Amino acid sequence: MRCWGTFLCGLVVVAGAQSWGQSGGLRFPETVEAGTAFSVLTTGSGEATLYVAGPGDALRRKIQLGQSIAFGQEDLHNAGHYVVFLVSGSSTQSAQFEVIPSRQPATLSFLAKPSRLPVNLSNALSGVVYVFDVFRNLVLQPQPVSFELSDSTGHAQSRTATSHNGVAWVKMNSAAKAGPAQFQAVAGNIREKRVIQQVPGDPCSIRMSARGSGHEERVALETEPVRDCNGNAVPDGTIVTFTETYQGGQSTVDVPLKRGVARTEMPARNGAVISVASGVVMGNEIRWSGGL
Amino acid sequence: MTGGRFLAFLLAAATVAFIVIGTLWPNQTGMSVADSKARLMGSASSPEDAVNNLMQQIVRRNWEAAYSSLANKGEFTESEFIRDLNGNYGSLRTYANLDGFDVQPLHATADEAQVSANLRWASVVGTFDDQRDLRVVRNRDSWQVVWPIVKEARMAPQVIPVNYLRWDVIYRGAEDDWGAQDVEGPHVRIVAMHPVDRGGGVVILGELLNEDVVPAFVTVKATLLGSNGAALASEDSFDKISHVLLPKQVSPFRIDFRKVRLSEVDSVRVQPSTSLVAASADPVIGIEGQKLNPVPDPSLTGELVNQSGQVVNVAHVIGTFYDNSGQIVWVADEYPSRALLPQTPVPFTISLPADVSSKVGSYRVVATSFSSSRFQ
Numbered sequence: 297m298r299c300w301g302t303f304l305c306g307l308v309v310v311a312g313a314q315s316w317g318q319s320g321g322l323r324f325p326e327t328v329e330a331g332t333a334f335s336v337l338t339t340g341s342g343e344a345t346l347y348v349a350g351p352g353d354a355l356r357r358k359i360q361l362g363q364s365i366a367f368g369q370e371d372l373h374n375a376g377h378y379v380v381f382l383v384s385g386s387s388t389q390s391a392q393f394e395v396i397p398s399r400q401p402a403t404l405s406f407l408a409k410p411s412r413l414p415v416n417l418s419n420a421l422s423g424v425v426y427v428f429d430v431f432r433n434l435v436l437q438p439q440p441v442s443f444e445l446s447d448s449t450g451h452a453q454s455r456t457a458t459s460h461n462g463v464a465w466v467k468m469n470s471a472a473k474a475g476p477a478q479f480q481a482v483a484g485n486i487r488e489k490r491v492i493q494q495v496p497g498d499p500c501s502i503r504m505s506a507r508g509s510g511h512e513e514r515v516a517l518e519t520e521p522v523r524d525c526n527g528n529a530v531p532d533g534t535i536v537t538f539t540e541t542y543q544g545g546q547s548t549v550d551v552p553l554k555r556g557v558a559r560t561e562m563p564a565r566n567g568a569v570i571s572v573a574s575g576v577v578m579g580n581e582i583r584w585s586g587g588l
Numbered sequence: 587m588t589g590g591r592f593l594a595f596l597l598a599a600a601t602v603a604f605i606v607i608g609t610l611w612p613n614q615t616g617m618s619v620a621d622s623k624a625r626l627m628g629s630a631s632s633p634e635d636a637v638n639n640l641m642q643q644i645v646r647r648n649w650e651a652a653y654s655s656l657a658n659k660g661e662f663t664e665s666e667f668i669r670d671l672n673g674n675y676g677s678l679r680t681y682a683n684l685d686g687f688d689v690q691p692l693h694a695t696a697d698e699a700q701v702s703a704n705l706r707w708a709s710v711v712g713t714f715d716d717q718r719d720l721r722v723v724r725n726r727d728s729w730q731v732v733w734p735i736v737k738e739a740r741m742a743p744q745v746i747p748v749n750y751l752r753w754d755v756i757y758r759g760a761e762d763d764w765g766a767q768d769v770e771g772p773h774v775r776i777v778a779m780h781p782v783d784r785g786g787g788v789v790i791l792g793e794l795l796n797e798d799v800v801p802a803f804v805t806v807k808a809t810l811l812g813s814n815g816a817a818l819a820s821e822d823s824f825d826k827i828s829h830v831l832l833p834k835q836v837s838p839f840r841i842d843f844r845k846v847r848l849s850e851v852d853s854v855r856v857q858p859s860t861s862l863v864a865a866s867a868d869p870v871i872g873i874e875g876q877k878l879n880p881v882p883d884p885s886l887t888g889e890l891v892n893q894s895g896q897v898v899n900v901a902h903v904i905g906t907f908y909d910n911s912g913q914i915v916w917v918a919d920e921y922p923s924r925a926l927l928p929q930t931p932v933p934f935t936i937s938l939p940a941d942v943s944s945k946v947g948s949y950r951v952v953a954t955s956f957s958s959s960r961f962q
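Protein chains in written order, with the numbering used here: chain B, 297 to 588; chain P, 587 to 962.
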């Protein structure tokens with residue numbers, strides 16, 4: 297802790313004494329790719345202390361003037377602007393350079409939204425990829441990124457986008473067939489996958505039937521298997537509302553679909569009109585005249 | 587010294603006088619915590635006294651004394667009497683206290699009288715009334731209440747098969763990368779919204795649809811905006827909504843603003859918020875015999891029928907009322923005080939403002955349930 301405090305104070309003092317920029321014989325390359333080994337030749341003789349400070353990285357080394365300063369692959373890996381000070385006795389040399397991200401993508405942060413959506417929607421699924429190098433620097437150089445959405449039947453749609461400032465994005469359509477779909481993004485040889493649930497849409501043409509139940513005063517109601525307009529089975533748990541309207545009153549019951557159908561019993565009243573609906577979708581109506 | 591003796595004598599005399607007054611004319615207001623018209627307990631010299639005495643014992647939960655004072659205690663046990671008043675199965679009634687009562691004599695003969703008693707129970711969700719018409723009979727020199735016991739129907743022992751359907755949620759872990767996939771929140775949509783001027787305030791009425799395939803926990807927040815775009819007030823729907831919506835389920839909501847006039851409001855911002863919630867598709871509750879009753883006591887009455895096999899401890903009934911053009915004109919609710927036993931109808935009454943009842947052309951009722959045996 298004390299060491300870093302001394303180091304930072306030293307930097308402040310040196311920065312105050314020297315104007316920022318290249319001075320003396322210290323010659324650093326203007327740009328260095330993150331994770332690249334390189335060396336810098338120094339002039340003069342005797343011992344000196346080298347300070348290197350950048351975003352998230354700081355180094356201090358004792359060096360011999362007149363020899364090369366070698367930086368290994370792991371020394372400087374955070375992309376950004378770096379400053380260098382070489383302090384020997386009362387003289388100080390300084391330099392600046394940029395560490396740039398590696399050109400080779402190493403990881404992708406892939407945001408696929410939404411992760412659950414109804415079938416058959418146009419441009420409803422967005423995929424956004426952030427391209428990072430091996431040191432988690434955002435790769436700013438344009439990179440081709442390919443996206444592929446494949447459903448359980450094997451049908452796939454593809455798009456390609458080029459990253460701008462490290463980000464590439466596309467919009468995809470959801471398939472007509474419900475089920476899990478695999479959404480993958482590929483940049484270089486890096487591949488990232490997400491699973492998208494493509495779920496049935498609103499129920500389509502709900503149909504129910506009525507019959508006398510075991511109890512004389514009750515009528516048993518049951519829907520046919522409820523499907524959306526693309527033929528996908530509406531998931532169990534979806535609420536179906538039965539409404540029985542008669543002179544002077546009504547009865548209702550909200551029933552969840554179980555094994556694809558909704559069934560219930562309601563009071564049997566001759567002349568009553570029984571309707572069925574789910575959400576904002578209406579189904580058929582039955583006039584109950586008893587004992588059918 | 588003389589002054590001190592006089593003061594001591596005065597205090598002693600006053601003490602004796604107060605004791606005599608208190609003995610001859612005891613203070614009844616302190617006793618009647620529930621009803622200012624209640625009389626001190628003792629032998630019931632009139633039908634009203636008998637009912638008052640009984641109500642006082644119920645207020646104090648002195649069940650033994652209340653039961654022993656009844657004329658027809660041979661017809662039921664003390665436990666049945668307690669269950670009739672105090673509920674069971676963890677119903678709303680089991681958490682309620684008798685907050686007050688009104689006694690109204692209907693008619694009387696020399697040996698029998700009819701007295702109407704309205705019991706006001708206080709619970710965490712408000713008060714509810716329990717109206718009982720009591721027959722009171724003379725037994726030698728005193729009067730005794732014939733308690734109209736409401737015995738709960740009991741289901742025959744049976745097995746009710748239920749295809750239990752529920753949803754559980756697994757979220758991504760805290761250690762996952764920010765770009766890692768997480769479960770999608772439920773999608774809901776407001777399908778109707780109507781602000782009305784009511785009692786000098788503003789009431790926002792509306793309906794909310796869960797258009798997703800997963801259950802949603804929903805709340806609705808409304809903000810009233812003035813002509814300059816500034817927020818005048820912000821409120822949420824609290825309990826005038828069904829908070830857990832299963833897929834494709836619709837719930838009404840009502841948000842009350844008591845201190846803002848509709849004329850001050852330029853626009854209304856309504857924001858539903860949702861989160862995924864573990865939920866169960868059962869129990870199914872039928873709402874049968876719904877009937878709109880006109881003035882002088884405008885209300886919607888009906889019966890809740892628990893079609894599943896588990897006991898519902900507390901039910902919540904919410905009614906949405908529309909005019910003839912389909913516009914929402916009111917949303918009201920009620921918590922029935924009794925638990926819903928399987929296949930056993932429980933009546934409910936949703937009160938309506940008189941001016942609203944004349945506009946109602948149609949209505950829609952939903953019921954939600956709370957069961958202590960179910961994790962939700």
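Think of the hints as simulated: they come from the structure by calculation, not from any bench. Quick caveat, the model's predicted, so the values are computed rather than measured. Some clues are possibly wrong.
Unchecked claim - Across the chosen pairs, the derived CB separations fall in these ranges: (1) V769(P) / S448(B): 49 to 55 Å; (2) D842(P) / N374(B): 52 to 58 Å; (3) Q437(B) / A766(P): 22 to 28 Å; (4) G385(B) / A766(P): 36 to 42 Å.
No residue lacks a Cβ here, since even glycine has one placed at the ideal position from N, Cα and C.
Hint by hint, here is what the structure shows:
At roughly 19 Å, the beta-carbon separation of V769(P) and S448(B) lies outside the given 49 to 55 Å, and the hint is violated. The hinted range of 52 to 58 Å is satisfied by D842(P) and N374(B), whose Cβ atoms lie roughly 56 Å apart. Taking 22 to 28 Å as the suggested C-beta distance range, the pair Q437(B) and A766(P) conforms, at roughly 25 Å. For G385(B) paired with A766(P), a C-beta distance near 53 Å fails the hint of 36 to 42 Å.
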